[in-house]
Amino acid sequence: MTRVLLTGAAGYIGSKLVGCLLDKGFQVTGIDTLKYKQDSLIYYCSNPNFKFIKADVRDYSIYRKYVEQHDVIIPLACLTGAPLSNLHPTEALETNEKAVSVLAEWTNSDQYVIYPCTNSGYGIGGDGMCTEESPLQPISEYGKTKVRAESRLLERGNATTLRLATVFGLSNRMRLDLLVNNLTYLALTSKSLVLFESSFRRNYIHVDDVCAVFLDACINPKKYSREPYNLGLSSANLTKLELAKTIQKYVECEIFDSKIGCDPDKRDYIVSNEKIESLGFKPMRSIDYGIKEIVSALPMLRPTSEMLNF
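Following the working numbering, the numbering of the sequence shown begins with 919 at its first residue and continues without gaps.
Please keep in mind that the hints were generated in silico from the structure rather than gathered at the bench.
All clues given are correct.
Straight line, CA to CA, 25 Å or less: simulated BS3-like cross-link-like pairs of lysine-lysine:
#1 K972 with K953
#2 K1140 with K942
#3 K955 with K969
#4 K1140 with K1193
#5 K972 with K955
#6 K1141 with K942
#7 K969 with K953
#8 K1016 with K972
#9 K1200 with K1140
Turn these sequences into a full structure, and let the hints guide you.
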């Protein structure tokens, strides 16, 4: 039985991915600090193939022991996004970069690392299409830590990296700071959207599709080269204004284009997902699907500081 280690297992992606892996018969160990007091993994605790360790990946004495015991390592633990990384720069450096880079030293050629990078590494990509061969020029410290960690893993040669688009959709550990989720929630509750740098373009991907690719890589590791892959919706290279107008189809709200303020992540690029599509990847969830599920979930959404990642 393949043994999979997930760090950040109780988080936005991890809390869904754990269930996907268990359903396919993997033996799963999850590590998380439970910093956000989440109980997103509690349903899996009766599964004999699931083990949970409350620990911090920065505690190498614990982390390394579990890395050495597993066949596949998926390092999801992260201070995700520019605002949170800027708020806690030391923790971001230690968690996003150093605790991932050590896998290049600790793992052997028989172990497989599947790493979630970010396509914010393309920074301001210009008018051209960003492929995996495009230069990485992250602007935020968040992007820089993720890109440096990816570089170390790719140098080691036993890792596939997934450059994730901006993720959206419902999760066991819900987040309302992610752009699609955030704008949909604001449209529902305030009936207005104030956009900064509304012409800036980025790519999007549903959390279910992210989990599907991680799961496929665990099931079919030989299918994926030890290289980076962009992972996003080719139909969703959208400006913020285009995203807001899509939300407006389902939620009655006003849109205001503000000339004051800026996006701390400064993402502005068009991304090609052809490389991963050539492996047979077909996304299940559209932007419209994600917006509609947030609308449907509104009565159950109770925004807290933990849910907003602040």
